[in-house]
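Numbering (my numbering), first residue to last: 196 to 448.
A couple of the hints might just be wrong.
Derived CB-CB ranges, DEER-like [said to hold, decoys possible]:
no., residue 1, residue 2, range
1, P321, S361, 21 to 29 Å
2, D288, R325, 26 to 34 Å
3, P321, D376, 19 to 27 Å
No farther apart than 25 Å at their CA atoms in a straight line, the calculated lysine-lysine pairs in the PhoX-like style are these [to be verified]:
no., residue 1, residue 2
4, K365, K412
5, K316, K437
6, K234, K247
Hints are computed from structural coordinates only; laboratory data are not their basis.
Backbone N, C-alpha and C fix where the C-beta goes; we use that ideal spot for every residue, glycine too.
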Amino acid sequence: MRIVSLAPVMTEILYALGAADDIAAVTRFCDWPPEARQKEQIGAWINFEPAKLNELKPDLIFASYYMPESLRQWEGAGQLLHFEPRNLWEVFDSIRAIGEAVGKSQRADEVVAEMKSGFAKIRLHPLEYRPRVYMEEWFQPPLAAGNWVPEVAAIAGGEEIIAEVSRPSKTFSLAALSLADPDLIVCHWQGWGDRTDLGRIVERPGWQELRAMAENKIFFLDDALINRPGPRLVQGARALNKIFSGAKDLLQV
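Start from the sequences and build out the full structure, keeping to the hints where you can.
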């Protein structure tokens, strides 16, 4: 079987399932696991190279929820798989579906079980205080992270106060955020990895009046651990739990 992965999370899942040898090409954004970088690259996850894709003659193409028009021909041939999970149960279902497609159903069940076990271990140690958190997926305009992110934040011991589970990420007004009054702000900007830029927050007009800003409770998280709906969401939950645990002494309970 020849597989082309056009999304970093798909590459991560395929490696976790033990299907690495079947992967013929990935995008330049497929950075995990590190050995994925050694695969042939077919461009970016949106602006890939259609001619090279045709040359590769893949049996299966895995794409993200955003599907360029140039992929339609592959979808019609039944060779394109893409998923748009909105919550953790749908993340689990997508992993199982990928496993079935590549002949790794048993391993997919194991990966899902490992994820559930990882989340359960975090829940075994609840925080004394549950911080109210604003999770920011993007900065221009500010976007509150929805879908599975509020669930992961809840597992980590926090409460997302703007976006909702199973609902799309959304924009909002400063007035709404002020009224919600978050204890913490956690930024996990899409595509930024572990890079940070505090200025993009502190320079926003009016944001200086937020209590979380005034008390310097702004944190950054590698977006790949929370924005990609795959096995590393457990690592994202652990990282959030550390943030929430470390910040508890700063909170005004």
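Consistency of the hints with the structure:
The hinted range of 21 to 29 Å is satisfied by P321 and S361, whose Cβ atoms lie roughly 23 Å apart. The given range of 26 to 34 Å is respected by D288 and R325, whose C-beta atoms sit roughly 28 Å from each other. Look at P321 against D376: about 22 Å separates their beta carbons, and that is inside 19 to 27 Å. The straight-line distance between the Cα atoms of K365 and K412 is roughly 22 Å, inside the 25 Å bound, and the hint therefore holds.
With a CA separation close to 14 Å, the supplied pair K316 and K437 stays within the 25 Å bound. Restraint check: the Cα-Cα separation between K234 and K247 comes to about 14 Å, which is no more than 25 Å; the hinted pair holds.
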